[in-house]
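Each residue of the sequence shown is one higher than the last, beginning at 4 in the numbering used here.
It is possible that part of the hints are untrue.
To be verified - Only pairs whose alpha carbons sit at most 30 angstroms apart, straight line, appear in this in silico DSSO-like list of lysine-lysine:
1. K90 / K101
2. K93 / K69
3. K93 / K108
Simulated from the structure, these hints should not be mistaken for lab results.
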Amino acid sequence: MVLPSIHQLHPASSKGPSLIALSHILGLPAGKAPELLLPKATSLRQDLLFLQDQRSLRCADLLHMKTSLPPGPPTQELLQIWASQEKEQKENLGQALKQLENLLKQALERIPELQGIVGDWWEQPGQVALSGELCHGLPLPQWRLRWVQAQGILQQLCR
Numbered sequence: 004m005v006l007p008s009i010h011q012l013h014p015a016s017s018k019g020p021s022l023i024a025l026s027h028i029l030g031l032p033a034g035k036a037p038e039l040l041l042p043k044a045t046s047l048r049q050d051l052l053f054l055q056d057q058r059s060l061r062c063a064d065l066l067h068m069k070t071s072l073p074p075g076p077p078t079q080e081l082l083q084i085w086a087s088q089e090k091e092q093k094e095n096l097g098q099a100l101k102q103l104e105n106l107l108k109q110a111l112e113r114i115p116e117l118q119g120i121v122g123d124w125w126e127q128p129g130q131v132a133l134s135g136e137l138c139h140g141l142p143l144p145q146w147r148l149r150w151v152q153a154q155g156i157l158q159q160l161c162r
């Protein structure tokens, strides 16, 4: 095999224009020694062959996967399965919402009862339980006393 020489790059040479075009295609600057063209071209050729092999392997793998997998259900059947699952979820959600609504109704019905229980607790043991707590420096019994006094004074003023 004869390597190209620098003299063949001359435009008057019969191989000159083709070697110059090749150097441009390979991304080599103009005037680069043609001795560098062959290794660059060889390297690119090896890359091309490697990529072609990789593509062939991927295609073979894909074909193998397509042929080895059992055929799936048709699209119409998948749509029917999806629709039935969607319907079932809606029914379950509807039932859950009805249960929640019933629980909320029961809770609303019990509010007066709970208010009475809390009121009874507040009147007796609640005061004792909170007697040591301070709010703005005063315990609960002193606040209740102030409240009763303020109510009395307000009633006197309104007469």
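Hint compliance check: list the failing hint numbers for this structure, sorted ascending. 2
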